[in-house]
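S.K.: Based on the provided sequences and hints, a complete structural model is requested.
Next come the chains, spelled out residue by residue.
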Amino acid sequence: MAYEFKLPDLGEGLTEGEIGRWLVAEGDVIAEDDLLVEIQTDKTTVEIPSPFAGLVTKIFVAEGDVVPVGTVLVAIAGANDAAGPESSSAPVPLTPASAAAPVIAAPAAAGARVRATPLVRRLAAELQVDLSGVVGTGPNGQIVERDLHSHAAAQVPGEGRREKVRGVRRAIADHLTKAHHEVPAVTFVEECDFSGVDVRSIVPLTLKAVAESLREYPELNARLEGDEIVYLDRYDFGVAVQTPEGLLVPVIRDCNERSLEDLDAELRRLAESARAGTLKPEELRNSTFTVTSAGKLGGLLVTPLVNYPEVGILGIHRIGERPVVRDGEIVVRSVGNISLTFDHRVVDGARAAAFCLDVIDRLQRSAA
Amino acid sequence: MYAALADTDLGRVIGDDDGTGDRRVDGVDDAELLALYRSLVLLRTYDERSVVYHSQGRIGTYAIFWNHEAIQAGAVHALRDDDWIFPSYRESAIGLLRGMPPTTILQWWRGHPSGWWNPADWNLGSIAVPIATQVPHAAGLAWGKKLRGEDSCALVFFGDGATSEGAFHEGINLAAVMNAPLVLMCNNNQWAISTPIAAQTRARALADKAVGYGIPGVRVDGLDVLAVHEATRDAVDRARAGGGPTLIEALHYRAAPHGTADDPRAYVDSARVAEERGRECVGRYERYLRRAGLLDDALVAEIKDAALQAMREGITAAEAEAPADPELLFANAYVGPPGNMRNG
Numbered sequence: 001m002a003y004e005f006k007l008p009d010l011g012e013g014l015t016e017g018e019i020g021r022w023l024v025a026e027g028d029v030i031a032e033d034d035l036l037v038e039i040q041t042d043k044t045t046v047e048i049p050s051p052f053a054g055l056v057t058k059i060f061v062a063e064g065d066v067v068p069v070g071t072v073l074v075a076i077a078g079a080n081d082a083a084g085p086e087s088s089s090a091p092v093p094l095t096p097a098s099a100a101a102p103v104i105a106a107p108a109a110a111g112a113r114v115r116a117t118p119l120v121r122r123l124a125a126e127l128q129v130d131l132s133g134v135v136g137t138g139p140n141g142q143i144v145e146r147d148l149h150s151h152a153a154a155q156v157p158g159e160g161r162r163e164k165v166r167g168v169r170r171a172i173a174d175h176l177t178k179a180h181h182e183v184p185a186v187t188f189v190e191e192c193d194f195s196g197v198d199v200r201s202i203v204p205l206t207l208k209a210v211a212e213s214l215r216e217y218p219e220l221n222a223r224l225e226g227d228e229i230v231y232l233d234r235y236d237f238g239v240a241v242q243t244p245e246g247l248l249v250p251v252i253r254d255c256n257e258r259s260l261e262d263l264d265a266e267l268r269r270l271a272e273s274a275r276a277g278t279l280k281p282e283e284l285r286n287s288t289f290t291v292t293s294a295g296k297l298g299g300l301l302v303t304p305l306v307n308y309p310e311v312g313i314l315g316i317h318r319i320g321e322r323p324v325v326r327d328g329e330i331v332v333r334s335v336g337n338i339s340l341t342f343d344h345r346v347v348d349g350a351r352a353a354a355f356c357l358d359v360i361d362r363l364q365r366s367a368a
Numbered sequence: 001m002y003a004a005l006a007d008t009d010l011g012r013v014i015g016d017d018d019g020t021g022d023r024r025v026d027g028v029d030d031a032e033l034l035a036l037y038r039s040l041v042l043l044r045t046y047d048e049r050s051v052v053y054h055s056q057g058r059i060g061t062y063a064i065f066w067n068h069e070a071i072q073a074g075a076v077h078a079l080r081d082d083d084w085i086f087p088s089y090r091e092s093a094i095g096l097l098r099g100m101p102p103t104t105i106l107q108w109w110r111g112h113p114s115g116w117w118n119p120a121d122w123n124l125g126s127i128a129v130p131i132a133t134q135v136p137h138a139a140g141l142a143w144g145k146k147l148r149g150e151d152s153c154a155l156v157f158f159g160d161g162a163t164s165e166g167a168f169h170e171g172i173n174l175a176a177v178m179n180a181p182l183v184l185m186c187n188n189n190q191w192a193i194s195t196p197i198a199a200q201t202r203a204r205a206l207a208d209k210a211v212g213y214g215i216p217g218v219r220v221d222g223l224d225v226l227a228v229h230e231a232t233r234d235a236v237d238r239a240r241a242g243g244g245p246t247l248i249e250a251l252h253y254r255a256a257p258h259g260t261a262d263d264p265r266a267y268v269d270s271a272r273v274a275e276e277r278g279r280e281c282v283g284r285y286e287r288y289l290r291r292a293g294l295l296d297d298a299l300v301a302e303i304k305d306a307a308l309q310a311m312r313e314g315i316t317a318a319e320a321e322a323p324a325d326p327e328l329l330f331a332n333a334y335v336g337p338p339g340n341m342r343n344g
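Going down the list, the protein sequences come from chains A and B. Mapping to the numbering used here: the first sequence position 78 is 78, numbers consecutive. Mapping to the numbering used here: the second sequence position 314 is 314, numbers consecutive.
Worth flagging that the hints you see were computed from the coordinates, not collected in a lab. Built from N, CA and C at the ideal position, the CB exists for glycine as well. Check before you lean on any hint, since a few could be wrong.
Quick partial rundown of chain B residues pointing at chain A, CB under 7 Å, derived from the structure [as the list claims (entries may be wrong)]:
#1 52
#2 56
#3 61
#4 258
#5 261
#6 264
Straight-line Cα separation of at most 20 Å, DMTMM-like style, residue types lysine to aspartate or glutamate; simulated pairs [as the list claims (entries may be wrong)]:
#7 B:146 - B:234
#8 B:209 - B:9
#9 B:304 - A:32
#10 A:280 - B:269
#11 A:296 - A:321
#12 A:178 - A:228
#13 A:280 - A:254
#14 A:280 - B:263
#15 B:304 - A:33
M.R.: This is the structure we're talking about:
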């Protein structure tokens, strides 16, 4: 007997899930309750144990694919009736394929029987649609007329090369969309004179200065939750790190209690882990404020996005020798811009500016 | 603050794992001690398998009760079959302890009509999903028992969040005023989904609320099945003797998600969860029984196998039943269905 395992509703009315990781491969012989696959939903990651014992004959959906509930994920064959009463009958699916479920990608299993009425088959022929590539949302996965239309609509050739957004890029996209939609952000920028400052340690120096200044401006070490501002007593700062996969923001804990050497060492460790892809999830969570610095690529000014749900992000921009006026004379000094992008719902411009100037003052005073 | 409350004022019977503090409950013999263990294992197995079945799409969303088994079994074992039980969704499988087949409860979570029972067949109210609505039901039933001159009583389960609801107040107050034979079992796992107990109440302890209703309030360790059992038995004895209701607060800390649609890592204290899981109630009672010489590996294996077998048969039978007719959703809703219900 062969079984098909379909993506269940793993929450309360979920319509889709992302295939995180396959825990079996085609050709594996598995026992009942062996873990099959890891599914990511909007809320959490769930490891699904197999309801059947037998041979994994076919995996239909690739890691990273987002598929509707009801999609056949894997076929398992050869489960014999002696495997136990639990696996001797195929489960009756609980979740009828929902008409509202967005059809993203899930061609029918190769060789699987296509279910469709003669009317739908005729319409498919007229539309030149191959029914084996259409996802059925009718009873028992039957292909109904609306499936043909949505399939045909999805097949309209578009321009350019298309690539699925997944993994880190997808997380970044979701996060930044939220930050951009929710936070009315304002950017304040001012010059900083770095002459005599050890710019090789600019990030640790800035983390230290920010930790000190935030004590006086607690509304920037905070988050907005509903109708409350939560003032945080942790000084855990995110530091933006560019990796081949995309931008990651690992978190340095307790920046207020660390020495410069310690901040520097922790920064190096996290940056290396970020580039090596070995950061643990907890090393990416729960920062209270973020610092971003892109060195030579830092620009005269960029407008960073607030790292939601934080209130502020401080940017260090390109530092270089520039002519400036000191005591009525034009002199060459090492100068760069410092920006503060902040959530205007929580902080007013004057306070934000005062905070940024306070950080600049601390940095300038660190000059040897 | 609640968090400052020492747990030294919690009733306990099971001692530490080295046996310090172990007691016996008067009147609970060896057979009853083992029966309690079987009930704990049955509930635990039901819960763990249900989470698996949910992830396989075989039951719908499910309210997990992992580590709440001591409260459920401890309380029900203090009742007679003619006493009534009013469960919340957290006690969905409580019928198992009355002999209800697992299939029935699995079907409830599958949204199948055969998952509903006639409360009078089991002296078991239907599973209350709205918060605290079952408290007035239980108060009314208990009052009715008194009016009829019967000596049976009612026991109602609810959570910490329910104590903030109007229905809780109405039910407990009516039961107290009418001197109804009611046991109010508050499962205080300190989380109402994601609302912590400190955001729920300023009370020192939920059991203290009893004072305002003029009834006794008792606080026990919710992971100590015998402490729950003893407190419930005392409350039942008082109820039968005409002493009126008792509020029991069984304190623990929710060590599993609220339900299968919940990811508590977003709000819960994971260190506290790890600590609580280390004291989980079935293993703790198992070690107590082993210290008392009542349980060995062979018997543990036999009891666990029997529970697992019951679940396997339960899910097989549930899946063998014909799916429900969706028309049933409308069948008894209207005498004359309005026109728009017929569209689409």
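S.K.: Would you mind marking each hint as holding or not holding in the structure?
M.R.: Taking the hints in turn, this is what the structure says about them:
1. 52: 5 Å, holds
2. 56: With a minimum Cβ separation of about 5 Å from chain A (threshold 7 Å), the hint on residue 56 of chain B holds.
3. 61: 4 Å, holds
4. 258: 11 Å, violated
5. 261: Holds, because the Cβ-Cβ distance from residue 261 of chain B to chain A comes to roughly 4 Å (cut-off 7 Å).
6. 264: Hint on residue 264 of chain B: violated, closest Cβ of chain A at ~9 Å, above 7 Å.
7. B:146 - B:234: 18 Å, holds
8. B:209 - B:9: 16 Å, holds
9. B:304 - A:32: 18 Å, holds
10. A:280 - B:269: Between residue 280 of chain A and residue 269 of chain B the Cα gap is close to 18 Å, so the pair holds against 20 Å.
11. A:296 - A:321: Measuring from Cα to Cα gives roughly 13 Å; hence the hint holds.
12. A:178 - A:228: 19 Å, holds
13. A:280 - A:254: 18 Å, holds
14. A:280 - B:263: 18 Å, holds
15. B:304 - A:33: Holds: residue 304 of chain B and residue 33 of chain A sit about 17 Å apart, inside 20 Å.
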